[in-house]
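J.: Using my numbering, read the sequence shown as starting at 396 and increasing by one per residue.
Hints in this document: simulated from the structure, not taken from any laboratory.
Treat each hint with caution, since some may be false.
Said to hold, decoys possible - Here are the in silico distance ranges between beta carbons for each label pair:
| # | residue 1 | residue 2 | range |
| --- | --- | --- | --- |
| 1 | D410 | E745 | 37 to 45 Å |
| 2 | K666 | E623 | 18 to 26 Å |
| 3 | K499 | L570 | 21 to 29 Å |
| 4 | K412 | N454 | 27 to 35 Å |
| 5 | D633 | K746 | 31 to 39 Å |
| 6 | N645 | T539 | 40 to 48 Å |
| 7 | D609 | I406 | 36 to 44 Å |
Said to hold, decoys possible - In silico DMTMM-like cross-links for lysine to aspartate or glutamate, where the CA-CA straight-line distance does not exceed 20 Å:
| # | residue 1 | residue 2 |
| --- | --- | --- |
| 8 | K529 | D562 |
| 9 | K665 | E687 |
| 10 | K472 | E422 |
Heads up, the beta-carbon is just placed ideally off N, CA and C, and yes, glycines get one too.
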Amino acid sequence: MVRDNFSKENISGLDPKKFQKNVDGKETELFVLKNKNGMEICTSNYGAIVMSIMTPDKNGKYANVVLGHDSIDNLIKSPEPYLGSTVGRYGNRIAKGKFTLDGKEYTLAINNGPNSLHGGLKGFNKVVWDAYQKDAATVEFKYTSVDGEEGFPGNLSIVMTYTLTDDNEFKIDYLAQTDAPTLVNLTNHAFFNLAGIKNPSPSVENNIVTINADFYTPIDEVSIPTGEIRYVEGTPMDFRTPHVVGERINSKDDQIVFGAGYDHCYVLNKKEPGELSFAAECVEPESGRKLEVYTTEPGVQIYTGNWLNGFDGAHGATFPARSAICFEAQKFPDTPNKPHFPSCELRAGEKYTQTTIYKFGLK
Numbered sequence: 396m397v398r399d400n401f402s403k404e405n406i407s408g409l410d411p412k413k414f415q416k417n418v419d420g421k422e423t424e425l426f427v428l429k430n431k432n433g434m435e436i437c438t439s440n441y442g443a444i445v446m447s448i449m450t451p452d453k454n455g456k457y458a459n460v461v462l463g464h465d466s467i468d469n470l471i472k473s474p475e476p477y478l479g480s481t482v483g484r485y486g487n488r489i490a491k492g493k494f495t496l497d498g499k500e501y502t503l504a505i506n507n508g509p510n511s512l513h514g515g516l517k518g519f520n521k522v523v524w525d526a527y528q529k530d531a532a533t534v535e536f537k538y539t540s541v542d543g544e545e546g547f548p549g550n551l552s553i554v555m556t557y558t559l560t561d562d563n564e565f566k567i568d569y570l571a572q573t574d575a576p577t578l579v580n581l582t583n584h585a586f587f588n589l590a591g592i593k594n595p596s597p598s599v600e601n602n603i604v605t606i607n608a609d610f611y612t613p614i615d616e617v618s619i620p621t622g623e624i625r626y627v628e629g630t631p632m633d634f635r636t637p638h639v640v641g642e643r644i645n646s647k648d649d650q651i652v653f654g655a656g657y658d659h660c661y662v663l664n665k666k667e668p669g670e671l672s673f674a675a676e677c678v679e680p681e682s683g684r685k686l687e688v689y690t691t692e693p694g695v696q697i698y699t700g701n702w703l704n705g706f707d708g709a710h711g712a713t714f715p716a717r718s719a720i721c722f723e724a725q726k727f728p729d730t731p732n733k734p735h736f737p738s739c740e741l742r743a744g745e746k747y748t749q750t751t752i753y754k755f756g757l758k
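Throw the hints in and build the complete structure from the sequences for me.
T.: See below:
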């Protein structure tokens with residue numbers, strides 16, 4: 396179900412007709428969000444994918460600052476299946492695709508080395524969401540993941556709202572409910588390039604990043620957390636003060652080697668669990684664009700596009716390795732197998748909620 400009477404005109408150059416397709420018996424569509432300042436976001440109800448975020452640089456020039464495609468067909472066959480998408484039912488990795496809940500073991504698809512990643516073979520990034528554009532700046536997505544889908548128990552109903560505020564914030568509100576015990580760990584997988592995408596899209600290694608985290612979850616050689624909560628001080632993982640991404644990204648530190656760069660979950664500093672607070676900042680010095688991240692989640696996965704391989708994107712742009720940085724707000728990876736990590740369990744009668752904000756501005 397798609398309900399939308401709003402204009403499809405956009406400054407990102409995306410053709411609305413190229414986003415119309417019947418996929419699995421449901422219609423896909425392009426949705427355009429605008430605010431009073433001229434910012435714009437284009438998204439599809441296929442995977443609730445964000446294809447473009449148009450925001451100005453220090454000279455007032457607008458560019459698309461997320462990696463994306465310019466048709467539904469290219470979205471579906473993208474070499475990077477999580478590009479700009481909503482990820483679930485469980486974002487990030489679950490070791491060996493197995494977890495136990497209430498004494499019962501569940502088995503998931505293995506789709507990332509020996510592990511399950513981002514919800515399995517057909518996660519929320521590949522489904523068509525019901526969509527309803529409420530106003531010029533807001534679109535609501537709904538999806539029900541049925542019991543047993545991708546191996547997860549319980550019927551899970553999700554309502555997710557994208558809002559572009561007049562404070563230049565891309566705000567994502569999540570609400571999920573289940574009829575039986577299950578796992579929930581939702582996130583958005585936007586790949587940011589604050590310089591603006593082009594051919595080739597420039598490296599993010601000049602980006603200046605700050606992360607509000609004293610600790611992170613170190614990984615093993617297959618990117619599963621060891622279970623330790625490790626202090627960042629004295630390591631290449633320390634972004635408590637601003638650091639250039641490329642400064643330590645080729646370090647011989649085993650964590651950098653295991654991730655082929657940054658691909659780690661940071662334990663965000665919180666006064667209390669669930670508070671909406673500052674998580675990270677990213678500045679692209681040449682354009683002057685700045686991104687601030689706020690979230691209610693306990694962690695944020697920082698990924699520097701280490702496995703991007705130069706594939707084609709929107710309007711002839713190409714996406715080489717390290718031409719994006721991701722800030723994926725979430726519970727920690729492999730949480731169901733790490734009892735001391737914040738729980739991702741959801742039970743009947745409970746509500747899963749999350750708010751994450753990506754705020755754009757100039758430094």
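J.: Work down the list of hints and note, for each, if the structure agrees.
T.: These are the hints, each one checked on the structure:
1. D410 / E745: 37 to 45 Å: Holds, since D410 and E745 (Cβ atoms, about 42 Å apart) stay within the stated range.
2. K666 / E623: 18 to 26 Å: 23 Å, holds
3. K499 / L570: 21 to 29 Å: For K499 and L570 the Cβ distance comes to about 26 Å; the hint holds.
4. K412 / N454: 27 to 35 Å: 32 Å, holds
5. D633 / K746: 31 to 39 Å: 35 Å, holds
6. N645 / T539: 40 to 48 Å: 44 Å, holds
7. D609 / I406: 36 to 44 Å: Holds - the Cβ-Cβ distance for D609 and I406, about 40 Å, lies within 36 to 44 Å.
8. K529 / D562: 19 Å, holds
9. K665 / E687: 16 Å, holds
10. K472 / E422: 17 Å, holds
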